Amino acid sequence: MTSSCLQKLPFYTHCDRQLLSKFSALIAPKNDTELHALALEARRLTQLYFGKTLRLYTPLYLSNECINSCVYCGFSRENPILRLTLSPEEVYQEALYLWNEGFRSILLVAGEHPKFVSINYLESCIDKIRKLFPAIAIEVAPMEVAEYERMVNAGVEGVVVYQETYNFDLYKLYHLFGPKKDFFWRMDSVERAYAAGARRLGIGALFGLAPWREEALCLAAHTSYLLKKCWRATITVSLPRLRPAAGGFTPPYPMEDRDMFHFLCAFRVTFPQVGIVLSTREQPQFREKLIPFGITAMSAGSRTEPGGYTQAGTHSLHKRFKGKEMPLCESEKKGAKATEQFEISDRRTPDQIANVLKTMGYEPVWKDWETCLNRSR
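Residues in the sequence shown are numbered from 1 upward in steps of one, following my numbering.
Incorrect hints may have been included.
[Claimed, not checked] Ranges between beta-carbon positions, derived for each pair:
hint, residue 1, residue 2, range
1, Glu89, Gln7, 22 to 32 Å
2, Glu363, Pro254, 27 to 37 Å
3, Lys115, Gln283, 35 to 45 Å
4, Pro114, Leu35, 37 to 47 Å
5, Pro254, Pro114, 27 to 37 Å
6, Ala28, Trp99, 41 to 51 Å
7, Leu176, Asp127, 27 to 37 Å
8, Leu40, Pro327, 57 to 67 Å
9, Asp127, Ser316, 12 to 22 Å
10, Pro179, Gln47, 41 to 51 Å
11, Lys8, Trp99, 25 to 35 Å
12, Pro254, Ala28, 18 to 28 Å
13, Gln18, Gln47, 19 to 29 Å
14, Phe168, Gln18, 24 to 34 Å
[To be verified] Result set (BS3-like, lysine-lysine): computed pairs, CA atoms no more than 30 Å apart in a straight line:
hint, residue 1, residue 2
15, Lys334, Lys324
16, Lys115, Lys52
17, Lys131, Lys337
18, Lys289, Lys22
19, Lys8, Lys128
20, Lys228, Lys181
21, Lys322, Lys358
22, Lys172, Lys367
23, Lys228, Lys367
24, Lys115, Lys334
25, Lys319, Lys22
26, Lys367, Lys128
27, Lys115, Lys322
28, Lys229, Lys367
29, Lys289, Lys52
30, Lys30, Lys115
31, Lys22, Lys229
32, Lys289, Lys367
33, Lys172, Lys128
34, Lys128, Lys337
35, Lys319, Lys172
36, Lys30, Lys52
37, Lys229, Lys181
38, Lys358, Lys131
39, Lys319, Lys334
40, Lys52, Lys131
These are computed hints drawn from the structure, not numbers from a lab.
Since the model is a prediction, treat every value here as computed from it, not as a measurement.
Cβ coordinates follow ideal geometry from the N, Cα and C atoms, glycine included.
Work the whole structure out from these sequences, hints included.
Structure follows, in structure tokens:
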């Protein structure tokens, strides 16, 4: 299976074709017996390469301001939502709460708006929290190499950029306005981060935007390419599925649980050395089912709105629609909080999730990196 979507990607000619052929065969339709055999191999390889440890991290949302119009995203400028950008002091308040929860690995997330989430702003936020967290990653608007260098110098060790969908034609339909419309600029961003010195690169597709097998094949090709091109960095892959969000977007290509399980097992067998990340988008029981078959990191206790952990910054709440600020009505002011990017499915506390992992025979890893270990290239 070689899709026309895959052949349009600039890195396709540099991929390991034999590896992609193997992966394509693994994600082809399977009966229950065949899928069971694949799952057993995925479980064996996961324990062989990663043992029974699992890294825990959490996202900290800085801002839900955004200048992009993405039809599937709760932060889209087309949605008249309650918006908020935390000050660096409020970011520290949220970060300290997460530190007290046990986290030592954190992912800073923000909508794409250069006025509110500038490079200077990000540097200030990182400076506030870098003494708390030895592992800081960012999931923000794509940057130039020099800007990523500033992030790395500030204390960032990981950069996460989801392509959303690798189908170029569908990508144009989903991204209506803003810099995110540039498909190839976004795709090349992790390579720019690598050139700037980022040691961990995270990629992923948002499943539900395109047929899952097509998307999976493209994601596998991107992974294959990055393992060769960015060989000094650690590559991680995320498998998020679309969740309900402001705007009410309905996924045109829903990915069923069996399909996600199939994809995870096939990916692990093809890429036994690559970390696979699972978010709180998934239901608790399903997350637990997936863990032995390839998951190496998962979020816990997540909130997907700025100020979600401590209600920091709620005094600055406002509504913005298509770039214009709108007054809040009285019902919106009472107990108001910023609008979340999407609905969380697993709302268990970090301690609850850690205890479940221990019951399953896993060691929850809160810290797996120390900044002083970083070496100049």
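Do the hints match the structure? See the list:
no., hint, result
1, Glu89 to Gln7: 22 to 32 Å, "50 Å, violated"
2, Glu363 to Pro254: 27 to 37 Å, "34 Å, holds"
3, Lys115 to Gln283: 35 to 45 Å, "37 Å, holds"
4, Pro114 to Leu35: 37 to 47 Å, "46 Å, holds"
5, Pro254 to Pro114: 27 to 37 Å, "34 Å, holds"
6, Ala28 to Trp99: 41 to 51 Å, "46 Å, holds"
7, Leu176 to Asp127: 27 to 37 Å, "35 Å, holds"
8, Leu40 to Pro327: 57 to 67 Å, "59 Å, holds"
9, Asp127 to Ser316: 12 to 22 Å, "21 Å, holds"
10, Pro179 to Gln47: 41 to 51 Å, "42 Å, holds"
11, Lys8 to Trp99: 25 to 35 Å, "44 Å, violated"
12, Pro254 to Ala28: 18 to 28 Å, "20 Å, holds"
13, Gln18 to Gln47: 19 to 29 Å, "25 Å, holds"
14, Phe168 to Gln18: 24 to 34 Å, "25 Å, holds"
15, Lys334 to Lys324, "22 Å, holds"
16, Lys115 to Lys52, "44 Å, violated"
17, Lys131 to Lys337, "28 Å, holds"
18, Lys289 to Lys22, "25 Å, holds"
19, Lys8 to Lys128, "42 Å, violated"
20, Lys228 to Lys181, "27 Å, holds"
21, Lys322 to Lys358, "47 Å, violated"
22, Lys172 to Lys367, "39 Å, violated"
23, Lys228 to Lys367, "27 Å, holds"
24, Lys115 to Lys334, "28 Å, holds"
25, Lys319 to Lys22, "49 Å, violated"
26, Lys367 to Lys128, "19 Å, holds"
27, Lys115 to Lys322, "15 Å, holds"
28, Lys229 to Lys367, "27 Å, holds"
29, Lys289 to Lys52, "14 Å, holds"
30, Lys30 to Lys115, "49 Å, violated"
31, Lys22 to Lys229, "21 Å, holds"
32, Lys289 to Lys367, "24 Å, holds"
33, Lys172 to Lys128, "38 Å, violated"
34, Lys128 to Lys337, "23 Å, holds"
35, Lys319 to Lys172, "27 Å, holds"
36, Lys30 to Lys52, "27 Å, holds"
37, Lys229 to Lys181, "25 Å, holds"
38, Lys358 to Lys131, "28 Å, holds"
39, Lys319 to Lys334, "14 Å, holds"
40, Lys52 to Lys131, "29 Å, holds"
In this structure, the earlier hints numbered 1, 11, 16, 19, 21, 22, 25, 30, 33 are contradicted, and the remaining ones agree with it.
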